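Colleague: Chains as they are written, first to last, in our numbering: chain L, 1 to 469; chain E, 1001 to 1793.
Note that these hints are calculated values from the structure, not bench results. A couple of the hints might just be wrong.
[Said to hold, decoys possible] Distance condition first, Cα-Cα at most 27 Å in a straight line; then the derived DSS-like pairs of lysine-lysine:
1. L:K331 with L:K261
2. L:K83 with L:K202
3. E:K1668 with E:K1760
4. L:K114 with L:K55
5. E:K1637 with E:K1649
6. E:K1739 with L:K259
7. L:K331 with E:K1758
8. L:K400 with E:K1074
9. E:K1649 with L:K259
10. E:K1760 with L:K259
11. E:K1758 with E:K1668
12. L:K375 with E:K1113
13. L:K259 with L:K331
14. E:K1649 with L:K261
15. L:K331 with E:K1760
16. E:K1758 with L:K282
17. E:K1113 with L:K400
18. E:K1668 with E:K1735
19. E:K1736 with E:K1758
20. L:K114 with L:K179
21. E:K1637 with L:K261
22. L:K261 with E:K1739
23. L:K375 with L:K315
24. E:K1760 with E:K1637
25. L:K261 with E:K1758
26. L:K375 with E:K1074
27. L:K331 with E:K1074
28. L:K331 with E:K1649
29. E:K1758 with L:K259
30. L:K83 with L:K172
31. E:K1760 with L:K261
[Stated by the list, open to error] In silico negatives: residues of chain L with every beta carbon more than 10 Å from chain E:
32. L68
33. A119
34. L121
35. S130
36. A163
37. S187
38. P210
39. V217
40. H241
These figures come from a predicted structure and were not determined experimentally. Heads up, the beta-carbon is just placed ideally off N, CA and C, and yes, glycines get one too.
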Amino acid sequence: MEASLRAQRTAALLIFAFLSLLAVSSSAAQEIQILNAERRIDLSSQIAIVFLTLKVENTGKAAASEVLLSFPPTEADHLAEVKAQAASGKKRKKTHVPLDVKPTDVPDAPKGAKCFRIALLNPLSPGETSTIEVLYMLTHSMEPFPAEISQSEPQLVYYRDSAYILSPYRIKQQTTFIKTPSTNVLSFSRVEPTNRAGMELKYGPYEDRPAYSFSPVLVHFENNNPFAVVEELVREVEISHWGNLQITEHYTLAHGGAKLKGVFSRVDYQSRPGASGVSSFKNLLARLPARVHSVYYRDEIGNISSSRLRTDSRKSELEIEPRYPLFGGWKSTFVIGYGLPLEDFLFESTDGKRYLNFTFGCPLSGTVVDKLTVKVVLPEGSKDPSAVVPFPVEQHMETKYSYLDVVGRPVLVLEKKNVVPEHNTLFQVYYSFNPVFMLAEPLMLVSTVFFLFAACVAYLHIDVSIRKR
Amino acid sequence: MASPESAVNGPTMTAGAASKSLRNAFGGVIAFIILVLIGVLAFSIRLFSVIKYESVIHEFDPYFNYRVTQFLSKNGIYDFWNWFDDRTWYPLGRVIGGTVYPGLTLTAGTIWKVVNSLNIPLSVETVCVFTAPIFSAFASWAAYLLTKEVKGPGAGLTAAALLAMVPSYISRSVAGSYDNEAVAIFALVFTFYLYIKTLNTGSLFYATLNALAYFYMVCSWGGYTFIINLIPMHVLLCIVTGRYSSRLYIAYAPLVVLGTLLASLVPVVGFNAVLTSEHFASFLVFIIIHVVALAYYIKGILSPKMFKVAVTLVVSVGLAVCCAVIAILIAVVASSPTKGWSGRSLTLLDPTYASKYIPIIASVSEHQPPTWPSYFMDINVLAFLVPAGIIACFMPLTDSSSFVILYIVTSVYFSGVMVRLMLVLAPAACILSGIALSEAFNVLTRSIKFQLPGIAGNPSIAVRMWRIMSTSKENGSSTVVAPNDIPKTEEAAKEKPAKKNRKKEKENVEKKPTPSKTEKRLLVLPLEASVIAVLLLVLLGAFYVVHCVWAAAEAYSAPSIVLTSHSNDGGLHVFDDFREAYSWLSHNTDVDDKVASWWDYGYQTTAMANRTVLVDNNTWNNTHIATVGTAMSSPEKQAWEIFHSLDVKYVLVVFGGVVGYPSDDINKFLWMVRIGGGVFPHIKEPDYLRDGQYRIDAQATPTMLNCLMYKLSYFRFVETDGKGFDRVRRTEIGKKHFKLTHFEEVFTTHHWMVRIYKLKPQRNRIRGKTKKSKSSRSVSSKRDVRGKRNPWH
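Given the sequences, and given the hints that come with them, work out the whole structure.
Modeller: Set out below in structure tokens:
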């Protein structure tokens, strides 16, 4: 399985190398060239964070309103987030304006490559230059090799990329920096000029590469950072207009790094904490909103006692330990739940609708979420829910029955794959709600008790005997 | 505890004689409120475990019940009856639907279903955790009803209050202790109440209810045999003492017929309801009561002279027939090896039986006889009040009070045999203590009131008041003393809910002339003595309450899967190793992997880790358990062969040596040896003992130091402190450095309490190893004699 994947990847890389030789360029691409490109790849965690600074020049006749980005298929699957911003001004007084990034199809791009369209604020008139900064993140892009390690071994990973930036444009000059978490780099491909200094690898500068140039490189290095992968996270946000916002988060946590081979020895783990199980992790930090209350941390067989909550006026931090330290390939499931005061998160918009303003992503720091489902449970009787999320998500509606519901509560379900901490941004759910519905359940209870008493009174005053006395 | 009495009496001080009915109504309301409070008390005193620990299922058996309830709530009742569980007793499996008492599961499943149909999202676990406290509230109400039937509402309230917090019952019904006993005690007391109620009223309505209550008891607990033996005993007692009446017949005959029919509907009982010896007493008495009924009937229609002739005739013929029948019965019973009794019942009849023949029953700690301190711990001051209660029951002796006496006598015997049956004793002790306390308060408060200077000046009030007292005391028992009382027969005729009856009955009784004054006056005690006695009784009650709260909070609330200890600086240290291990198993092993462990952990492994186990706490197959015991007490290689032949992939051992957890596998090990040796004679207990002493230090026998249990427990243990000091046995271990050849450690929990090993895969056969395989073949041939347990060779 692993081997065939690798073979596929190499095949893809070869095709790119071949394509780059052809250097077929389209008319659209011809109009723009990149004067200078600098790429900084940060591999110090399990997420590859890439900063790309492009200096773009319009060489065509007409004004250009957009710039294209492209990613090879190996990266396209792992791409979690692409952000772009326009930088203007000199070093100290730089101002950044976020730009709109949308996936797009480019007809002459190499097969499998994924392209994004960055819409510029002001169209670039011929001859003008502009600086664009792009940030993108790749998850699961570091492959453990060897894939299985014993408890005492460090975790080594491969990182694959191209020495040249894959771009639909000709690049005049480019440099790539790769930052590794430690100085222990076992091997790296050389595409001259290549330098290594401490924790940094430098590829380039390369001069004047044609569009879609590609030169695969492989870096093999030690990365003992916790590869905490939440395979599935279901966050349920339940709004109660009685003043509480209840959040329940179901986690399926796994260690995505090199699998543990053979035995797990508690003696070694406890007596030599530095040398044994360096790639394992035993605690995680969840950053929760301020004023959190009734926090619980449990799994399907009961409470997990190893957690600590620190709160101050601005934020709360919940430090959790799974039941056992997680080694490569081990899994664990747990639930975190907490309540929040509603007034911090629910507001009324100008048109009379209410809206919930809440963070989207996973509160555990430094984790990758493969599949995130956010369920917003609205109070019974609310209508017309709609969500505003700053990135594309899948949406659908459900109904949930809870605490004496009759018609059920509308649930807005938002699903997103491949979520990184960068997605911890606010999203809004708008809905309309009539406060009269709040009284439905108390009235129901009151009337039940009333009828019970009425029945008792009636029973005591009616003679139900057949025979007359 | 004095509150019920004072509540009833209090208003009389102010209210005149004209407002008697108001007083009754007021007393009824207060009694109702007290009952509600008793229910709240019974429920809330059992919540210590939730508050101190968490809302979690406790111990071992409750985990099985919880798992069954989960299955029931998920798959429905029909799948439940047909459930064949392949997760346990691998490779045999277990038919769950036909081998469990379904009462508890069905009860909790029904509660869950009702609650969820109201859209209240309670989880199955929450329902299971709180089932026991809810039913203990019911049980105390049932105790109120029962005692009220015997000695009036005052005694009833006292008994209910005592039962609400009796430590013996708390130990089995704290929140999370989701076991059969939790609902069974309610069913037991309620069945007895309905029996007494039928006996007092002669109502067929209550007789039917009684059969249904008995059915619920049969569904809930194997202890139902106690009912079906105790009630016949009481009937027999009544007949022998000349108390036969039509009410007795109505109380008993429908119960046997309907009860037996209903009982045989429960799959786990089935034909046992008519086949096993536990039920024979009821049938025998059933015959006897018919004979007696017939005799009374004939006596009624014949003249005394004719009757004498008839008796001699019938007795001579009847004796012959009886002898023949009994001879056949004895022959049938004697032909079965256990004389038709189950092992546990035999243990009850002969306390030494289990330790002689069935080590697996003897190995369970709750099947041991209790010690004297455990009586004090579990029923506390009730132990001193019970004799007083028995005396109170003799004055006057009625059908119902004789039943209570019989109940206490038998349950005292049973509790003396098995510590677990202390639970059956608890309600009886509470009822009798309730009667004792109530009677004592009755006498004392009456004496005080009679002699109080303010009231003594006006003797007419005092006498009237005291008369009211005595009548209210009478109204429970007087009806029984005079079976042909007018209101009673009237009441028996109509089948009406109890509430109206009670009111009417009270009025009737109060119209009656009260018993003679002179007799009662003798019971008046000196004022000072009464006051002091009342104070002492209150003090006794207070002591009981303090003890019960302490027992509930400290002794009986630990869920046993989570252990806590207080560190020196007052912090709480939690040992959550069991769940750590189970959680690890459930997430990091294949779903069909088989886990071998001693049977104690079987239920927990299937419920929490969802892995297949070889043996569990339902110890139905002694051979299978003995196989595991043999493997644990064999050397590594043989153990590997046994486990491998059973497809075991992981072996789980519990080891307390690091943190000093005493109930670990090393301490249970001798039972494994005994049970294993009981089936496979090559395991001999003396091989593991040095001069009759069980030890694991350097003096231990080589068999001990080489057995699998020792090795799995102490593997690399010496590296923790350099010496290998076992904190449970308080000694250094005998063999410190060794390697495992056939097993590898895959997981050890944080405090080392659970260690999980994996069987190493079978070695490839290499040339030149023939010598070794030959030796192993000789081993296997040895086992072939024992029944071809290892198909691998």
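Colleague: What are the numbers of the hints the structure violates, in ascending order?
Modeller: No numbers; nothing is violated.
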